[in-house]
Every structure is written in C-alpha cells, then in structure tokens.
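Guided by the hints, dock chain B onto chain A, whose structure is given.
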Amino acid sequence: GAGVSQSPSNKVTEKGKDVELRCDPISGHTALYWYRQSLGQGLEFLIYFQGNSAPDKSGLPSDRFSAERTGGSVSTLTIQRTQQEDSAVYLCASSLDFGNTIYFGEGSWLTVV
Amino acid sequence: AQTVTQSQPEMSVQEAETVTLSCTYDTSESDYYLFWYKQPPSRQMILVIRQEAYKQQNATENRFSVNFQKAAKSFSLKISDSQLGDAAMYFCAYRSPNFGNEKLTFGTGTRLTIIP
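Residue numbers (my numbering), protein chains in the order written: chain A, 1 to 113; chain B, 1 to 116.
All clues stand as given, with none of them false.
Counterexamples of contact, computed for chain A against chain B with all Cβ distances above 10 Å: (1) Val19; (2) Gly72; (3) Thr78.
Here are the simulated SDA-like cross-link-like pairs (lysine to any residue), alpha carbons at most 25 Å apart as the crow flies: (4) B/Lys78 x B/Pro41; (5) B/Lys78 x B/Ser42; (6) A/Lys11 x B/Arg43; (7) B/Lys78 x A/Gly40; (8) B/Lys78 x A/Gln41; (9) A/Lys57 x B/Thr108; (10) B/Lys73 x B/Tyr54; (11) A/Lys57 x B/Tyr25; (12) B/Lys73 x A/Glu44; (13) B/Lys70 x B/Thr5; (14) A/Lys57 x B/Tyr32; (15) B/Lys70 x B/Thr20; (16) A/Lys57 x B/Asp26; (17) A/Lys11 x A/Ala88; (18) A/Lys57 x A/Asp18; (19) B/Lys78 x A/Tyr103; (20) B/Lys78 x A/Asn100; (21) A/Lys11 x B/Ile46; (22) A/Lys57 x B/Ala1; (23) B/Lys73 x A/Asn100; (24) A/Lys57 x B/Ser96; (25) A/Lys11 x B/Pro41; (26) A/Lys11 x B/Pro40; (27) B/Lys78 x A/Gly42; (28) A/Lys11 x B/Gln44; (29) A/Lys57 x B/Tyr33; (30) B/Lys73 x A/Phe45; (31) A/Lys57 x B/Ser28; (32) B/Lys55 x A/Leu96; (33) A/Lys57 x B/Thr5; (34) B/Lys70 x A/Gly42.
No wet-lab data here; the hints were simulated from the structure.
The beta carbon of each residue, even a glycine, is placed where N, CA and C say it ideally should be.
Okay, chain A solo, but in the shape it has when bound (with noise of 0.2 Å):
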C-alpha cells in the first residue's frame, strides 16, 4: 500500500477483555515497529520485527501484551485482559530496511473503561 495502515482507528472496551490491533506495513518493508503513546506522552516502544530475526520484545509492559507479524507482513498487537491504564493511542510504524527511514501509521486509540 501507499502508507502504513493501522486498524481499527479507535477502539473502546470494557476492562478485562481482549483487543487485537492490526498494522499493515508498506509493501516491501522488511522492519515492523510497535510504539505506544499515553495521553500528552512522548513514545514508548514496544516490540520490533525484522525479517526472519527474532522480535525485539524488550519493550512490552507485561505478559498480557504479545505481537505476531504473519508471512513477514501484517502484525497484530494483541492485549489481553485490558486495563484502563493500557488506554493510549497504539502506533505502528515500518522500515525498508537497516538504517532506513520509518514511516508511521495513523495509529489505533485504544480507551479501556
């Protein structure tokens, strides 16, 4: 595609369930990247593909979140047992490769009540 595509753009849910949060990364692009940003926050980063290596998670809270990227394509950000404090606004971004410039999605805000 022409960008970075993220869905759903805004999610509300009640507090315990699951939620699954979709990136499509611009075609081609090898690195896949998941940021997080609370309300007035700068970036948290949170877990990072590239290629066939093995995903950088260093940057997940807790075990309730996890990400797969599919075919080395498509990611989904799954979080389970949703908190409040987990509301924020999700950001998916990708790179064409090493050292490449990354381009961000429009993001997925996310609101747990």
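Same frame as chain A, now just chain B:
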C-alpha cells in the same frame, strides 16, 4: 542505553518568524541517525528531517534545517518563515546503526503553536 531530551514542552512563534526547537541526546556510539518528526492533531508521525552523524553538513529540507553539534550531542531544529500548518508536536528521535538495535528512541516532544 540512549536517551533523548527535549527541554521545551511548549513553544510559540509568530507567523512568518523563525523558531528553534532544542534536542540533546546521550550515547556512547560514534555513528547514529537523528530525526525530527512532526505530529499534527491527526496523530500521524511525519518525518521532517534526518541527519546521519557521520555527515558534518547540517541537513536542510526547505524551511526546516538542523544545527547538529556532535561533540555537544545537540540536534536543534530551526523552522524559518513559520506557517500555520507547522503547528504540531515535534519529536526528536535517535536511532542506533547497530543491527538488532534499530528502534527509535524519542524525546518527550515540544508543542509548537503558531500565532497568526
């Protein structure tokens, strides 16, 4: 670990004037990449400008330029002839050149307001 500091939470500038946003970083690496991203209310992070640390020449993109001081670990963004569309959050970011450590580390951002 690398850190990025933006000491100006908010800045404002008169339309058509020039404004400089500050960014400092801490790293032990000799080569790296630095970026400025803009985030308007639409939420999408838009790349403004990129600088490779091995290049001594400061990067420029139309009205946007940087003052890269490697020894001081400083990377400020200058916006000339400010326009209403420049109003946004601006984030400074650092990226390591090392394979396996390519994530961006962001500062906390500077909210820029343009005064008509």
